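**Student:** Chains as they are written, first to last, in the numbering used here: chain A, 4 to 117; chain B, 311 to 422.
Calculated directly from the structure, the hints in this document are not laboratory data. A hint or two may mislead.
[What the hints assert, rightly or not] Below, computed lysine to aspartate or glutamate pairings styled on DMTMM-like, alpha-carbon distance capped at 20 Å:
1. A:Lys17 with A:Glu47
2. B:Lys347 with A:Glu47
3. A:Lys14 with A:Asp89
4. B:Lys347 with B:Glu368
5. B:Lys347 with A:Asp110
6. A:Lys17 with A:Asp27
7. B:Lys336 with A:Asp110
8. A:Lys14 with A:Glu55
9. A:Lys17 with A:Asp59
10. A:Lys14 with B:Glu368
[Stated by the list, open to error] Here chain A is said to cover these stretches of chain B; the calculated rule only asks that three of the stretch's residues, wherever they fall, bring their Cβ under 8 Å from a Cβ of chain A:
11. 324-333
12. 351-360
13. 368-374
Given the structure is predicted, the values throughout are model-derived calculations rather than measurements. All C-beta atoms in this analysis are idealised placements derived from N, C-alpha and C, irrespective of residue type, glycine included.
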Amino acid sequence: GAGVSQSPRYKVAKRGQDVALRCDPISGHVSLFWYQQALGQGPEFLTYFQNEAQLDKSGLPSDRFFAERPEGSVSTLKIQRTQQEDSAVYLCASSLGTGTQPQHFGDGTRLSIL
Amino acid sequence: QQPVQSPQAVILREGEDAVINCSSSKALYSVHWYRQKHGEAPVFLMILLKGGEQKGHEKISASFNEKKQQSSLYLTASQLSYSGTYFCGTERALRGGGKLIFGQGTELSVKP
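Next comes chain B alone, as it looks inside the complex:
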């Protein structure tokens, strides 16, 4: 079952912060975050494993709440380069081979 992302779209001014959520009704083993710019390949950001850990990548970090089966992506002090569509990909079982079920995406626009 497809995870649900919220919000669907967000517009920021450069330097502002944003949070993107990814929720699943099923138990998850891991959550993967990707950013895709129009006409380009999705680019890997980070993986969160069950256990509630938080990871960081430059000014982008994420957390995974196993109780809620929800992951959140935090973008701080946004830059113009952060614009794009963000997807979470969920993995339900370690033995799934890495098969990901993606959310519908969150479109982020950062304006000067």
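So here's chain A without its partners, still in its complex pose:
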């Protein structure tokens, strides 16, 4: 596809379960970003990859959050032992190069923790 693809679109999990969210960036895009968006708020930075290297993970809320991009394309955001406050939309974005570039967002995964 031409755009950033995220799956699943919706995820409901019980508190304490582990979840995995997938992001398929635009082909050839070097940089990949994960953001968390709470209802009525702007996206909040979680982590950033340049190819397979995770260069900034300063926004990950706790050590329950883990992201990887092993082959420099598809990325997975994993949340272990989910809690209710993890409920949010998780957005993935990719950009062509490094530095100041337009970021192209996917539609996000809406995560609800019961």
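With chain A's structure known, arrange chain B on it following the hints.
**Tutor:** Coordinates of chain B only, in the frame set by chain A:
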């Protein structure tokens, strides 16, 4: 630190103009503007680099005042399709890798 957007919400009639501001207390390298419709992905509008340049995109333009660390988004002759939430994303350093800190958003509603 999160940039501050103003106003928080604005309602326009089709054809009216609007200005959305984005202010930061920190020195910025660039400001990015996005529009997001409910349940959809944020869509890129434009990037402003420090230097005070003004850019345009159809009837939407923006400026960046480096002295004030403020960017303004100008929407002229608004159309129904302009409705949505507008976010500014700020980049503090060239070597930040493109990491953006977003404002809380400005909800724009254009009525017929």
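**Student:** Any hints from earlier that this structure breaks? Give me their numbers in increasing order, please.
**Tutor:** Of the numbered hints given earlier, those the structure breaks are 1, 6, 7, 8, 9, 10, 11 and 13, listed in rising order.
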